[in-house]
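> Chains as they are written, first to last, in the numbering used here: chain B, 1 to 363; chain W, 1 to 363; chain P, 1 to 363; chain D, 1 to 363.
Hints are computed from structural coordinates only; laboratory data are not their basis.
Computed from a predicted structure; not experimentally measured.
One thing to keep in mind: the hints can contain errors.
Same chains, same label: a pair holds when it works inside one copy or across any pair of copies.
[Said to hold, decoys possible] Think about it this way: if two alpha-carbon atoms lie no more than 25 Å apart in a straight line, the pair counts; the simulated BS3-like pairs of lysine-lysine are:
| no. | residue 1 | residue 2 |
| --- | --- | --- |
| 1 | Lys307 | Lys147 |
| 2 | Lys325 | Lys174 |
| 3 | Lys325 | Lys64 |
| 4 | Lys325 | Lys276 |
| 5 | Lys272 | Lys355 |
| 6 | Lys73 | Lys147 |
| 7 | Lys276 | Lys307 |
| 8 | Lys355 | Lys73 |
| 9 | Lys355 | Lys188 |
| 10 | Lys307 | Lys195 |
| 11 | Lys325 | Lys147 |
Number of protein chains: 4
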Amino acid sequence: MKNTFGNNVSVTLFGESHGEAVGAVIDGLAAGIEVNTDFIASQLNLRRPVGSISTPRVEKDNFKILSGVFEGKTTGTPICIVIPNENTHSSDYDETRFKMRPSHADFTANVKYNGFEDYRGGGHFSGRVTAALVAVGAIAISALREKGIIIGTHISKIADISDRNFENIEADIKALNDMQFAVLDSQKGEDMQKKINEVRAEGDSVGGVLETAVCCIPAGVGEPWFDSVESMLSHALFSIPAVKGVEFGAGFSLAQMTGSVANDPFEFVEGKIVTKSNNNGGINGGITNGMPIIFRTAIKPTPTIAKEQETVDIRDNSNTVLAAKGRHDPCIVHRARVVVDSVAAITLCDLLSAKFGTDWMAK
Amino acid sequence: MKNTFGNNVSVTLFGESHGEAVGAVIDGLAAGIEVNTDFIASQLNLRRPVGSISTPRVEKDNFKILSGVFEGKTTGTPICIVIPNENTHSSDYDETRFKMRPSHADFTANVKYNGFEDYRGGGHFSGRVTAALVAVGAIAISALREKGIIIGTHISKIADISDRNFENIEADIKALNDMQFAVLDSQKGEDMQKKINEVRAEGDSVGGVLETAVCCIPAGVGEPWFDSVESMLSHALFSIPAVKGVEFGAGFSLAQMTGSVANDPFEFVEGKIVTKSNNNGGINGGITNGMPIIFRTAIKPTPTIAKEQETVDIRDNSNTVLAAKGRHDPCIVHRARVVVDSVAAITLCDLLSAKFGTDWMAK
Amino acid sequence: MKNTFGNNVSVTLFGESHGEAVGAVIDGLAAGIEVNTDFIASQLNLRRPVGSISTPRVEKDNFKILSGVFEGKTTGTPICIVIPNENTHSSDYDETRFKMRPSHADFTANVKYNGFEDYRGGGHFSGRVTAALVAVGAIAISALREKGIIIGTHISKIADISDRNFENIEADIKALNDMQFAVLDSQKGEDMQKKINEVRAEGDSVGGVLETAVCCIPAGVGEPWFDSVESMLSHALFSIPAVKGVEFGAGFSLAQMTGSVANDPFEFVEGKIVTKSNNNGGINGGITNGMPIIFRTAIKPTPTIAKEQETVDIRDNSNTVLAAKGRHDPCIVHRARVVVDSVAAITLCDLLSAKFGTDWMAK
Amino acid sequence: MKNTFGNNVSVTLFGESHGEAVGAVIDGLAAGIEVNTDFIASQLNLRRPVGSISTPRVEKDNFKILSGVFEGKTTGTPICIVIPNENTHSSDYDETRFKMRPSHADFTANVKYNGFEDYRGGGHFSGRVTAALVAVGAIAISALREKGIIIGTHISKIADISDRNFENIEADIKALNDMQFAVLDSQKGEDMQKKINEVRAEGDSVGGVLETAVCCIPAGVGEPWFDSVESMLSHALFSIPAVKGVEFGAGFSLAQMTGSVANDPFEFVEGKIVTKSNNNGGINGGITNGMPIIFRTAIKPTPTIAKEQETVDIRDNSNTVLAAKGRHDPCIVHRARVVVDSVAAITLCDLLSAKFGTDWMAK
């Protein structure tokens, strides 16, 4: 259903980069979940630009909760959070109204909306809309934490610099969640930031891979067909701008293994059935098996770059060139991290509510 | 919605591997689309086991159309196709009722369904259910062809043997669609089959990667958030058993590129806006840009293998070993190919109907 | 979503009156619910034609469960039930292919499906499709009974003959559920049947009103906006052919009352909050209040009648007359009773599963 | 999906009576539809209280469009409209926090949301939330008008005073749409207002019936099962607070007719197939037949009244009495009129978009 996702817990997104505001409605969360506005603010802060490795457009992100929260707790009715747009330079986009930025949504938006789209700053396609996702996602993350379910994402790769893998997942997640540039190996983090500064200096951009772990989710969540955990998570993840790949567990490398290597043997340990390895990323047959959910998300390089690129001018269908003005991110991987956590949390709240009922999250 | 997927065109799956039948209902297809039962049969045939590289369980797949087709054409009402199960050896599964096959859905099904699941042959989680998807998918594929939209998938990789990439996409698709073992380079196909036979001889299995191209789809299809083309396709693809990764265009390798390399420059050629490269796989901002849609699907090795594996017996929660009996596929990549085509076709019919209306497909 | 209804428990309908079969898929029911095939058969029997007051087309209704049931219990996966069509006289409909039966769906089907509809016997619009709804609905009814929730419907009115109102609701429901012609006052039932025979003798038909009670449903089920209990039930009820009105509690007569008369005062009785009257039919603000849900469903007279009627011939757009041949019901109110129970049960299973989780029904 | 309704065009509602704001997101409307803010304001004005026959709480209803509109036209992306709450007297509700107003949602909200609901002024259940529906509905009404489809509702009945029926539907609709108290017979309108003043003087309230006509909608819209026009409209209508009955065409009175009287004969007139009567309210088999859609909506008397009523105090589960303070409507029928138009317009935009595609409304 277009800009709405989820069945039992759902989220609806609205807003344009240079319009009044961006916002989101999250519906279906249990009544009685504590809403910590400081935590929402800190999550928004993790998504905000960081020094030279991000866009100079810095928004205050003064979010406003319009509904669904009363006396500091969720009421069980839809929560709408709105974030006004303030620091907009709309004139930066006069040129791109007609000169389509390669690999951005300018052209497809123009075709889809017959020229009526708000073209300024990518309009409704802008990464800015993810601020609203992060705000409502923060409530979902809090709700999961109350049930002992924690989510963490690190920057697994920028260009060809790789962070170390998850080791002690619970400890790793806890360490990651307050970092502005979330890596498990701080040296690799510095190398990555240096790399980002290099491409920025060249008027270019760079992509990367995020790796996410979800810990302590019960077994038996998800559906065999269509609403498998992988299906639902990937559906949500692929709607984040710039995501071009999603894999679970060992993912694409599983494809090269034999079954005897790839399979995760079960064993009975301390009263619980676990698996010895976790190549399936905690999901068998689309259903959680109780092991950590592990997935990786490929983020393409920001398409808007200062370097001159070939493109078309749709006013006269002429071939032309474009060197983007405006304020752009040389890399959005580190900023996307908290967006990934947010959509994962919302999706898992949805699947958990389907299994355990609306009120489960607040019990 | 659990075993149902799609908004304007939707599919509902039912059936268990060793029950009466597997089947599917496809709803929302326009009235007046020709239904070619020979084509349905040939698609089912492409999914069936092939000689020594597949399971010895060979089903006749005598499908029956129960509704929605009248005088050889779709009526516009739901089409139910049923495929009876015939060649079942249910006793093969007496052991796995309690000894959970590693990385199969035995354990998660047991937890999710509290022990009431039909455990025989994987029950509702069985790849056999995809036969029904292929049957209804064949009608979607036919409908798209009538509009000039064609889909083709090749086995891009088995273990570490890689097929060549798509070159002339339209010609490549046409060549692929009648092959039982669909590769673009026949030598590589022979190598792959040899590899499959080797792992089979060792009581093992092997995975691979499928690559799909969709040609001649109009620009402007899909939604920016949540129902992006990538979101919808990945949602459908990840519900196919054994799929653990999905990537679009250059996918995960995009993550390592700079923007100036990754971006697909627009150019105006023969009255049409096209892109010079197609690293984004025909999708910008979640919306088709008119270039071929390209995606790759990672298929893990079949989890059921003859080799002995460690696991648990849930009768007494003891650690034990299991060497699977029954008839199993050493590789399902080549059989999954037509399943991928089917879910892609159904998903695209859904998105196209949203944009152009119910009747568009039949015009 | 077209021929599918429900979120957590959903039903998908397929089939045409004179095609291979009619059928339904019910998905989302908990695993472990007992499936009593005798009860399904008895429910189908209650829907079947009765002597002279119904159509002479009598179907054996030999239903077949294709999936989702194993060792006598639901597996938690989709249950498909198919009922083959046997006693079809398709030639009866050669004339109505072009002469549109007034107030039937012949004309609207022809416009909607561009002439590709299966016109025989009303095709997919036929009341025959409700047999499949009754079959899957029987499982929902059983599941609710296990939780102490019971549903019963009586023929409140045929023409201007009225049955008595519900008094002792639990006892009344129990008495109704085995009756072929379900009335609370048997004398009124005889008068109604006499009336039906009279209109039949005149080549005419007659409508009526059904009144339904649902007993012992917990308070707190439903949603304030859009998925209110009234919204969901009416959505399901209005898709039953011939239904033209739905009202809850005192319904339309509430509209003429003052608040002081219409309001249902709360009182605390034996440890429970109840209402002294039940003019709101057990629903306040779209949410159950724990009192019996009461609603009435208006059923129009069967549109197909032997009497000559004016209509058009769409071959040449001429005005013409039509005296329907074929086998028709002079009244369907008594047969619709069990269909109403079925859709109500499915809808309530859906709403209860949303609140209490998937497994609640089987606990 | 809880507080969201619709498939191709959908609406999501949020907000509480005494919170920050009420609001709605409408998604799926075509790009390029003109958005007339004066018309939105005038529709909101029609919903506002009128002199002595309404509540003294008068809100300015200063709506703000946050997204989806650019240069005066829809962009095709979600439109969020927010209406801040200003004139709130929250202390009026201190008593009803624990003393449940009979037939209001206080009790069911308390059960459903476990005491975490915003109880002030009915919270999310308040009729105030319909202001947001009216604001987004105004855009849907405008869009339909551009296609020649017009909607109008009159107060068919207050207590036992009846307005005349629709005669010349197009002219009647045009006359109604600017009236604050919408009746076809002005004398009856005065009688009704006198009646409302009488019940107000007695500290009581009164209900009524609204009758709606939709003119010039194409034939062939809707679905046979579940998403029938009646199902979809009733789903939307029954989510409006106080609605307890919905009937189409002759509705409940159809139930007492014979088929030969009830049926609407087709005839060919001036190149078009029409019906001589319209007892089916423009819908056959759930699909529009091209005649005006006619339906009636029963509105119960406002449950909050000044008269003393019996109820319970949930603090100690004692029986008590309540004479409501606060500002209440003695009748909401006249105010609900424009809400009915709004949900009807949104529902029809949804069904039309399903049939004709997203862009149809803007062509």
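> Now look at each hint and say whether the structure bears it out.
Do the hints match the structure? See the list:
With identical chains, the CA atoms of Lys307 and Lys147 are never at most 25 Å apart, being 48 Å at best within one copy and 39 Å at best between copies. Taking CA atoms no more than 25 Å apart as the test, Lys325 paired with Lys174 passes in neither setting, with 39 Å inside one copy and 44 Å between copies. Taking the shortest Cα distances, Lys325 and Lys64 never come within 25 Å of each other, neither inside one copy (31 Å) nor across copies (31 Å). Taking the shortest alpha-carbon separations for Lys325 and Lys276, only the inter-copy value of 23 Å comes in at or below 25 Å, while the best intra-copy value is 52 Å.
Proximity of Lys272 and Lys355 under a CA criterion of 25 Å is satisfied intra-copy only: 21 Å inside one chain copy versus 29 Å between copies. Proximity of Lys73 and Lys147 under a CA criterion of 25 Å is satisfied intra-copy only: 16 Å inside one chain copy versus 32 Å between copies. In this assembly of identical chains, Lys276 and Lys307 lie within 25 Å of each other by CA distance solely across copies; the values are 17 Å between and 49 Å within a copy. In this assembly of identical chains, Lys355 and Lys73 lie within 25 Å of each other by CA distance both inside one copy and across copies; the values are 23 Å within and 19 Å between.
With identical chains, the CA atoms of Lys355 and Lys188 are never at most 25 Å apart, being 40 Å at best within one copy and 45 Å at best between copies. Taking the shortest alpha-carbon separations for Lys307 and Lys195, only the intra-copy value of 17 Å comes in at or below 25 Å, while the best inter-copy value is 46 Å. Taking identical chains as interchangeable, the C-alpha atoms of Lys325 and Lys147 are never at most 25 Å apart, the minima being 46 Å within one chain and 40 Å between chains.
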